[in-house]
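Student: Sequence:
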Amino acid sequence: MALIKKLNKWANSHAYYPIDILRIVLGVFLVYKGLYFFQNSSYLESLLVELKFDGFSALMWSVHVIGLFHFVGGLIIIFGLLTRLSLIVQFPIFIGAVAINFFGVMNTQNLLEASIVLLVSIFFIFYGSGKHSADYDFKMQA
1 MALIKKLNKW ANSHAYYPID ILRIVLGVFL VYKGLYFFQN SSYLESLLVE
51 LKFDGFSALM WSVHVIGLFH FVGGLIIIFG LLTRLSLIVQ FPIFIGAVAI
101 NFFGVMNTQN LLEASIVLLV SIFFIFYGSG KHSADYDFKM QA
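Position one of the sequence shown corresponds to residue 1 (our numbering), numbered consecutively onward.
Simulated from the structure, these hints should not be mistaken for laboratory data. There may be inaccurate statements among the hints.
Pairs of lysine-lysine, DSS-like flavour, derived with a Cα cap of 27 Å [to be verified]:
| id | residue 1 | residue 2 |
| --- | --- | --- |
| 1 | Lys33 | Lys139 |
| 2 | Lys6 | Lys131 |
| 3 | Lys5 | Lys131 |
| 4 | Lys131 | Lys9 |
| 5 | Lys6 | Lys139 |
| 6 | Lys9 | Lys139 |
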């Protein structure tokens, strides 16, 4: 807990607008991907089938959960509300997105997107929401 407080103090004293913009861009990208997966569920289904992900109900459940987590998590990240929690919940999905390119058909654009999102999410798990976020505003009101 002391480490998290220390990291929060460092993050709040080094609040830069580019980092907040990066957080918002990450959130917008995740919202876009969530909507994309809802509209093109067959694309995500084909990626999961290549991994021998058996069971129709489990497959469809995974397709909808991934889209929902990206959409809702992206909205939360845009506003900077519970950013760390949202990214920790989505972290297995990000790792799975990178792994799909190694165990399935290699697509360099998807690998690059997934790797960048994974690295940026690791950064924000440690950095937090930043000074220009709902988390910071709620903390200052208390």
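Student: Now tell me, hint by hint, if it's right for this structure.
Tutor: Now for the hints, and whether the structure bears them out:
1. Lys33 <-> Lys139: violated, 30 Å
2. Lys6 <-> Lys131: holds, 15 Å
3. Lys5 <-> Lys131: Holds, because 14 Å separates the two Cα atoms, which is no more than 27 Å.
4. Lys131 <-> Lys9: holds, 10 Å
5. Lys6 <-> Lys139: holds, 15 Å
6. Lys9 <-> Lys139: With a Cα-Cα distance of about 12 Å, the restraint between lysine 9 and lysine 139 holds, given a limit of 27 Å.
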